[in-house]
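Asker: Chains A and B, in that order, are what the protein sequence lines are. Residue numbering for the first sequence follows my numbering, starting at 5 and increasing by one per position. Residue numbering for the second sequence follows my numbering, starting at 11 and increasing by one per position.
Hints should not be assumed to be uniformly reliable.
[Stated by the list, open to error] A few chain B residues facing chain A, derived, Cβ under 10 Å:
1) A86
2) A162
3) R463
4) G482
If you're looking for bench data, these hints aren't it; they were derived computationally from the structure. Note that this is a predicted model, so its numbers are computed, not measured. For glycine and all other residues, C-beta sits at the position ideal for the given N, C-alpha and C.
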Amino acid sequence: MASRVDRRLGGGGKKPLFPRLVRGIKGEGFFRGILPMPMQLLLWFLLIIPTLIVLYLSLVAWEPRMGTDWWQAPFAWFRNYGYVLSDVRFWQAIVRTIGVVGVAVALEFSIGLGLALFFQRDFFGKRLFTSVILYPMMLPWVVVGLAFYLVFLEKGPVNYMLIHFLGLKTGVAWYHYPALALSTIILADVWQWTPFMFLILYSGLGALPRDPVEAALTLGASRWQIFRFITMPMLKQVIIIALIIRGLEAFKIFDLVFIMTGGGPGTATESISLYIYRLGFVYGQLSYAAAMAVLILVSISIITRLAVRPLEYEA
Amino acid sequence: MREKHELKRLFGRRLGRRDFLKAAGGASGALLLGGLASACAPKATPTPAPVTPAALVEGATPEERALNGIKALKEAGKIKDGDTFTIMHHSGQRNNIVPALEEWNRLTGLNFQSAEVGLEADIYTKAMNEAVVRTGDYDIFLTFCNWIGDMAEAGLIVDQTDWWAKYDPEIDHGANAFVPPLDKFTSLYKGRRYAVGADDDAFSLFYRKDIMEAADKAAFEDKYGRELAIPNTWEEFDQWIEFFDRPDEGIRGASMYAERYFAYTAWAARFISKGGAYFDNNMDPLIVSEEGVTALEEQIRLTQNHMYEDAVTGDWSVAYTRFPEGSVFFAWAWASLGKWAQDPATSKIAGNVGYMECPGTMHDGTLIRAVPHVVGWSFSVSRYGKCPEAAYCWIQWFTGPTVGLDAIARVGTLDTFRRPWFDDAKMKEAYGAEFMPILLKLTENSFADLGLRGANEYLDKLNLNLQQAFAGQKGAEQALRDTADEWQKITDRLGRLGQIEAWRTERANYPQHIQDLWKKLGKF
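Bound-form chain A, shown alone (with noise of 0.2 Å):
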């Protein structure tokens, strides 16, 4: 006999009040719905609702001085970005950024592809120069700053090599000079974050298949052409991916900028990410630096896409 829930569920025989809710409840359609909705809510709280917000806010004419609530603030439309766009300021930081970042990951993927090609062959005490050499990427941002910082200043061990080992008569004044302020604030970031391209391409070259070195080396090739002809090319994929994540990690230089030079002398070492954080922060307009962040992430999305395409082919 049918229960009477089953009854009032459709069961029993009897037409249910509700025929499509109760066919939705019993069938696999509600658990599908019901089950992921936490994950959804947490999405949407983390990355929807705020993306919204900072849209919102570069659309308005809106400082936390102005004394007016957020949501009160008068639409501003495109203005900002009109703005935006022409700041030189902007501009400078953006050209700066690129610059340091292309450089520095030129020579972090240089030097990481070096020792992981090195690190290939056995020899005494690998395991503990592996672990060594991973050591500058678990340091916080901050103390790998402070190290460089230190080392740099007038009276640093730099300059005091340089006086005493190459006859200078004063120390170089790093942090004056643009180019070489901005120097050493990429020799802290390659220090810092080549392990991490040699972690990849380490953990690449050894996943790639052997048989076709070794018909590469049956048939008499060098070990240049084997490394041009068949690891570079194998390796391709990985190597874009290491150098999306670390280009795009990069481009977001805040921490080294902030605590080795401020961004200065002037805004000649200022990154983009200080440039924002200034204008959110200490200048209070928060509606421009929205704006500013909303074409940064436009731009980065479609460089990004741009950059994975490659993988898509080849899948």
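Dock chain B against the given chain A, drawing on the hints supplied.
Answerer: Relative to the frame of chain A, chain B by itself:
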């Protein structure tokens, strides 16, 4: 592919990007609309600013009146024993504040606690964040004086004017008053009292007494045509520094800030003493003027020829390293450098520190000195705290003539500010007896940092351009012109009329002799 099939099996059909975005967009739109609707609903009324002052609260001293105020608030049921109040302050003030909190909590039965912030700039960020999110987590802010404008305009802090009348903190009158003009610029914004000053940051000047005494006086006289003495004017000062600049002996002439955050200090001292003012009556910048450009050219020459390069590239701590280690003849910084330099534990030159007044500019036979008061801390009360009036009572008690003396004499980043404290034995012991009369004169001649709404931004743009000038990347006039252009944009963006009102009232906080000079020069 396997994952895709798995998803399809689980969800019946493939959960496409479009489906997800549709669902997410719908839900977030609903949430946003809900948020907006609740936001547009009448707001919970923030704790109102005090209204008509009652009769002066009884008590012989500011501290007594503050304690009586707490009693009255308890009787009125506005607060009760054990209520917690939180003070946001910089970690450098721990030693000044925390011991006093224990005493206050014992006397009142309340629970006042400290919330330290490690980085000064973070205090501004956290305070402005509180203005937006209104958590009520903080009852009192100890911030730079020139942030008061932003905090007041953001609706974060309470106008204390009526509480001053009700409780009489004895700040601008009487034997215990603050040294003028500290009584004005540490608390006033647009003519209203929004804060209580708790610090004196008049920049102080220190030199090596031993080197000065041992110097070849005849050589100085031959070179400059006058006796070797402490300089009174900026021109004399530049010659004096030049004379004592001895790079071959490892001693440079001076350590004066030309870096990212305080590059304006020395320029401003020269500029104001020459009769310069930051803005005219309509908030049009006056810095691209003869006074401004000359002042900057003089300071650039001094920086590039007689200082270490870390004057430009370092930070505030450079003076605190250079001077006590004996690698510069002269340094200027906050009064606390005096404490450091005369303490054998932190200094190689203890016992050889000389103190001097700030040089000035002669105007028709009158020497006009202008000393930058750089940052300086003051207490303000959060509008969103538990009981703003009780929070104010603590501030009055802490800065009172007796409690404050003990608190400020302890090692910390707050410096003496009430007039009688300059003659007090405790303070003389802390700062050095010889320094106190000099510090008093420096304070009397001091002018505040720009305190308008957006002060941080105005000063940052100025510092940025000045640092570029000191580093040789821009000429003096170009640096000031670029600053002026930026200032105009800020003023227009924040509302010129409001800024004009703030500037006109702020100008009245300058020392009288500077205001008189402006009048004489036809500036205002």
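Asker: For each hint, tell me whether it holds in the structure or not.
Answerer: For each hint, the structure was consulted:
The beta carbon of A86 (chain B) is not positioned within 10 Å of any beta carbon in chain A (closest approach about 30 Å), and the interface hint is therefore violated. At its closest, the beta carbon of A162 (chain B) sits 9 Å from a beta carbon of chain A; the interface hint therefore holds under the 10 Å criterion. The beta carbon of R463 (chain B) comes within 6 Å of a beta carbon in chain A, closer than 10 Å, and the hint placing it at the interface holds. Given the 10 Å rule on beta carbons, the hint for G482 (chain B) holds: about 9 Å separates it from the nearest Cβ of chain A.
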